[in-house]
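K.L.:
One line per chain: the protein sequences are A and B, in this order. Take the first sequence: its letter number 76 is residue 874 in my numbering, and every next letter is one higher. Take the second sequence: its letter number 284 is residue 273 in my numbering, and every next letter is one higher.
In short, the hints are calculated from the structure, not lab data. Glycine is no exception: its CB is placed at the ideal position from the N, C-alpha and C atoms. Zero decoy hints are in this set.
Among the chain B residues that face chain A by a calculated CB cut under 10 Å, a handful are:
1. Ala111
2. Tyr271
3. Gly329
4. His361
5. Asp384
6. Ala389
7. Glu395
8. Asn396
9. Ala403
10. Glu407
Capping the alpha-carbon separation at 25 Å, the derived lysine to aspartate or glutamate pairs in DMTMM-like fashion look like this:
11. A:Lys1718 to B:Glu127
12. B:Lys110 to A:Glu1765
13. B:Lys372 to A:Glu955
14. B:Lys(-3) to A:Asp1772
15. B:Lys391 to A:Asp913
16. B:Lys216 to A:Glu910
17. B:Lys269 to A:Glu1577
18. B:Lys277 to A:Glu1623
19. B:Lys(-3) to A:Asp1581
20. B:Lys269 to A:Asp1611
21. B:Lys(-3) to A:Glu1771
22. B:Lys277 to A:Glu1577
23. B:Lys277 to A:Asp1611
24. A:Lys839 to B:Glu407
25. B:Lys(-3) to A:Glu1717
26. B:Lys110 to A:Asp1764
27. B:Lys319 to B:Glu343
28. B:Lys110 to A:Asp1245
29. A:Lys839 to B:Glu414
30. A:Lys1722 to B:Asp82
31. B:Lys372 to A:Asp1611
32. A:Lys1722 to B:Glu(-8)
33. B:Lys110 to B:Asp(-4)
The calculated label-pair distances, taken between Cβ atoms and stated as ranges, are:
34. B:Gly167 to A:Asp1093: 28 to 36 Å
35. B:Ile(-6) to A:Ser1355: 23 to 31 Å
36. B:Leu373 to A:Thr992: 37 to 45 Å
37. A:Ser1357 to B:Gly187: 46 to 54 Å
38. A:Gly1484 to B:Glu(-8): 57 to 65 Å
39. B:Pro303 to A:Glu1077: 50 to 58 Å
40. A:Pro1618 to B:Lys5: 42 to 50 Å
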Amino acid sequence: MHLNTFGIFGMFFHMEKQCRFYKPQIGGVYPVSLLEMERSKIMQIGLDIGSTTIKAVVLDAQGQLLFKTYRRHYSQITENAIKLLEEIRDTVLKGEPASLSITGSAGMGLAEGCDIPFVQEVYATRLAANRLLPGTDVIIELGGEDAKIVFLTGGVEARMNGSCAGGTGAFIDQMATLMDITPDEMNTIAQESTKTYTIASRCGVFAKSDIQPLLNQGALKSDIAASIFYAVVNQTIAGLAQGRPIAGQVVYLGGPLTFLSQLRHSFDVTLGLTGICPENSLYYVAIGSTLGGGDPVDIDQVIDRLEHYRPTEGYHAMAPLFENEDEYQEFLERHSRSVVETAQLTPETGKVFLGIDAGSTTVKLVLIDREGRLLLSQYSPNSGNPVPLVQAFLEKLYAQYPYVEIGGAAVTGYGEDLIRNVFNVDDGIVETVAHFTAARKFMPDVDFIIDIGGQDIKCFKIHNGAIDNIFLNEACSSGCGSFLQTFANALGYSVEDFANLGIHADHPVDLGSRCTVFMNSSVKQAQKDGASIENISAGLSISVVKNALYKVIRTASPSQLGQHIVVQGGTFHNDAVLRAFEQELGVSVIRPNIAGLMGAYGAALYAQSRKRDHSGIVSAQELANFTHQVQTVHCGLCSNNCQLTVNIFGGGRKYISGNRCERPVTKRVTDETLNLYEYKRRLLAGYGSTTGRRGTVGLPLGLNMLELLPFWHRFFGCLDIGVTVSPFSDREMYLKGQASIPSDTVCFPAKLLHGHVQTLLDEGLNLIFYPCMSYNFDEGLGDNHYNCPVVAYYPEVLAGNMPGLRTSHLIKDYLGLHQPKVFPEKIHQGLLPYFPDLTLHEVRQAAKAAYREYQQYMEKVRQQGDVIIQKARAQGQRIIVLAGRPYHVDPELNHGIDKLIASFGVAVITEDAVSHKVEKFPTKVLNQWTYHSRLYAAARYVGTQPDMNLVQLVSFGCGVDAITTDETRSILEDAGKIYTQIKIDEITNLGAVKIRLRSLLAAIDQREEEGR
Amino acid sequence: MSEPIRDKNGRILFTKEMKKTHTILVPMMLPIHFGMIKNVLLHEGYHVELLQNQGPDVVQTGLKYVHNDTCYPALLVIGQLINALDSGKYDLDHTALIITQTGGGCRASNYIHLLRKALVKAGYENVPVISLNLSGLERNSGFHITIPMIRKMVAGAVYGDLLMLLSNQTRPYEVVAGETDTLVWQWVDRLSAQLNQGKGYNMKALTQNLDAIAADFSQIMLNRVPKVKVGVVGEIYVKYSALGNNHLEEFLQSQDCEVMVPGLLGFVLFKTDNRLEDHKLYGTGFWKSKVCGILMNYLTKMENALRQAVLKYPQFVCPTPYAHMKTLVKDMIGYGNKMGEGWLLTAEMMELLEQGYKNIVCTQPFGCLPNHICGKGMINQIKLHDPQANIVPIDYDPSATKVNQENRIKLMLAVAREELAAQQEQANPSAQVTESQRETVSVG
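Construct the complete structure from the given sequences, taking the supplied hints into account.
P.N.:
Okay, here's the thing in structure tokens:
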């Protein structure tokens, strides 16, 4: 694979050659100084040490820029700083005195340790902009790790991204690597884009979860590149604007914005202005750091201090992977035994079977004979498109072994559908089945399998020869495997070499296990604390393992896993990862020598087991006439209006992806009568906008309003007050409100409310009704009946942060619907200022009707739930309780997951359709939120129904769900059910969700077959 | 040891027998306050030990046994308790744990349940856990909270608040380095001794002590050089606990700042007042509200005693009354906002601004639900009210790095220093502040 080792910074090197030095001015008269230094009469050196690069400037006594340079420091911060200073000393200072200051996140520790003045980098940026670009209103600066916005006029304010949104330049680098191009190529092709895809902008990890599948579906790289730039823009605005408009003269600074014109363009388009990227935009921070003036330093002394600098703090180290060489040798010897049998492919071989695993980042192909012996295999990065790789493999196979007789072929992985359609592969199987099939061949009594691939971590427990439980990572912990690779590449190593560095590390760094973005910043901290590359490497391997164990499997002891553990997936080829896994659990495991090929091997075994006469896979001749084209269109068959990627192949075959249901493929409408979510949506849609004599209030259709709409609709109707209801959310609505979100880590359902309220304001409403509610209805299922803090109080956030609400009114009174006697009085008081002629009597009547309406609505949902259950049972269909909160009915929030489940021929009902069927029961946690009480009750009920399963919808950032997921899992597992969790956020791509659901269904099928 | 006695839900009870035989481990939050509260429990005949274990092992233990998306305080408190059990220092058959339980709509009410789950996971399922609460949750025959105990604990909290308040105002300016801390710990010892003897908590003794403390602190020689003044607010655990906030106060002091951290009493008042608000808003809990009304009066008296002691010395900034704080946020956020720190957090920021602490670190665990609203969600409004407000929200989490946190705080401090310099400029337009112009203040 071609590795774009230098990434975005590769370009920096080209630039360097062209404009390293400014020509010193000759003669006695200096032109007007670039920077008017007030105090300093000596030269000034500024060093800007960022997460990936180090930039240096030297200004002369008049503030003229004499010297500037930057280089990538590859974590060797001190060494590079010394080299730079020596260079400056010898070529610029030449014995003249100079002052020195350091800025940048990675320079903080160094500056403190060596007693060099430190200037915070955003502050430095501001100083520089004030001097060099007076009249600037807003600065947007993107770096390798951090994003910053500085507002200079109308109240100076400087903001940096929060912890969850790190990694701007690093993210672009990573995405370029995924597409196997350089960032400047990415910039070039983005100009040719014709459309943009929706890409999650919460953070780099989430965005990647959207981009990876797009690549695998064959979407045009130019469109993806453009979409990535827009994702960066949205992430910056959503995270940093926080209600302040970005307007006026906007200045772009920092590496990514300096070098990527399309990124600037995306900002321009989104903000509706034309920002400028000034000369020396890369050096503003360094220049700014010198502006505070400073005393002359003895440069030799500084260099000497730097040479003797040892980080004082140290970092938290963990035990080394191997205590000694013997341990390492024993480890190598033990694992060298797990090998697969191989054979030669000869004319005598007979029928052979092909397995393809089109994974998120790699494509694996395996050819086996009838005995399951390995004949040929290939493991290659998919470089963003698996099709040519499979094509090349087949061409080579047919050319080199003209006698080959393929008896069957199967494909698995993210690219399953695509590859199956392109090459007419016989079978497509879900990954869990493929991996289990392969592992069982290796170790017939295997009882636990863990697979760490590029993007996903998959674990399954085997009981009585069937998959008993499945653990799949959610978005936050995805991409660990490929992170290791990108990280290695960024430091200039191959992933193998990089991982091997860790084998002999003496003090591995503890890098945490939250997600790769956090790991990235932990590395930065470790670098500051003086960690060696070996220890960072080992630390990363350990982090990947901890992520799998503590976040995905959620186990603390090996006994919960099993006796016979097989580990597989490309990431386990790294001995450091394997060792970390054994060490963390304190057990020995089996790693097949074809760990990375196990999915493909399993697919091949599956193909073999099908005992076909002949495979339908494309022949040599068909392959010769093979063509492949990609088109993107909007589906337009329903309100989702999915963006479809259509792959067209020779012979009129085509493959459609990007769809959330089968309609564009089969042209058939899925049976929506078995989808209670659809029913709920239809019911809610019935509560449309109305007019009234007394005026109109706006109701934003978010969070609890998605359940209480019937209540308020009726309530205001009875009072002759019209209502305008915002529609179900869509992407556009979200973007409309994103600039006023103050907390980037709040859940997506809450964020959407900004769009709803903005929509109502745009419609000219000046009175919006959205009350605060600490308490929910008491349904008698829990210990208390709270709302979660976000549902309870989000109106406060809207009132405090949406500029449009400063001139309009938001009624956000604290109301308690759980107290029907007190409620009318309270709301009467709240409404009087706006509707002075309201009488308490009227309000009482209206409240009565409203309570009734709400009850009727809930009853309708329950009844329809029963109808669906009966119908499904009559037709022998499975039933899935898609358990979330009432607001998960919103199509933008659930991303059409209900429809996806229905498309599998499974009936979908909601948690509130069954929660009333059980009595209150003891839970191991405090059962104090009404919505979650329904969830526990639904889980309890599902446990008693053989044909029902529960899938829990979890919103990212929902702190409450950190508690409910474990509890729901234990309720279900106690009843012998498989727990499935789907974490949702902005991510729109359903690839991972599909795998999860198919795995669940496959496991249930298999369990039934085994007669359990 | 025999099988522990359990209630019908399987909870291990802390029996009368255990009061004699068991050591109760208390997780640390505020060293001064908890040190004194520990003495109250000792006097009541409980063998208690305040945990001092810190560092990455505590975090690692937490990560191992608690769902990693749970809030950081839960992870740390549970990590600290299990890490202590792991240490081998305690006889597991004679050790119990204690943890507070608030019972509000935030995740914190579930800490005790998460702790029990974690104990099972870690193989300590027979270690009893006591819930420390005032709501009557989870009764134990061997552990009773009596009214005198409450009074003593409140006294401990008031003393803690005063010591924290005054020491924060003298430490940065003290002429004799270390004088402040010496005085703090002298007083902790004296007050602990009193509490341990069952004294020092009635209004008379309390007033005497508070006055004496304030008098002592007023004697400390100070050199009042202008310093950046920073207020710290936030979720209660990460605001106070050095383990939770990566030693934030130490860091700010190392950056030459004066730090102000609002006291614990305000939080107690707030939680009590919530019952009254609930009654006002929803008509619920009539009798509870009556009881809380009495408690409210008592606490207000205590608050007043503390304020009166401080007000005698005008050089000290005195906390404003709870009732005043409440008016500060009247048009900003509803009084029904009660989960977590609720409106009090917003009010604390407003109070700090009013007192001249324009620079504020708003701390919260990563993903803290209430702080999305009353912390980060209110900053824009606060800035509209006071454009000089310089607030930085900082998230704490096992994986959030110190370098990132400190970098953001340094940004806030850079702006603060600029503002301070501008103020100095205004005060002395002729020249920059020089050593000679810095006055030495000593009161006494």
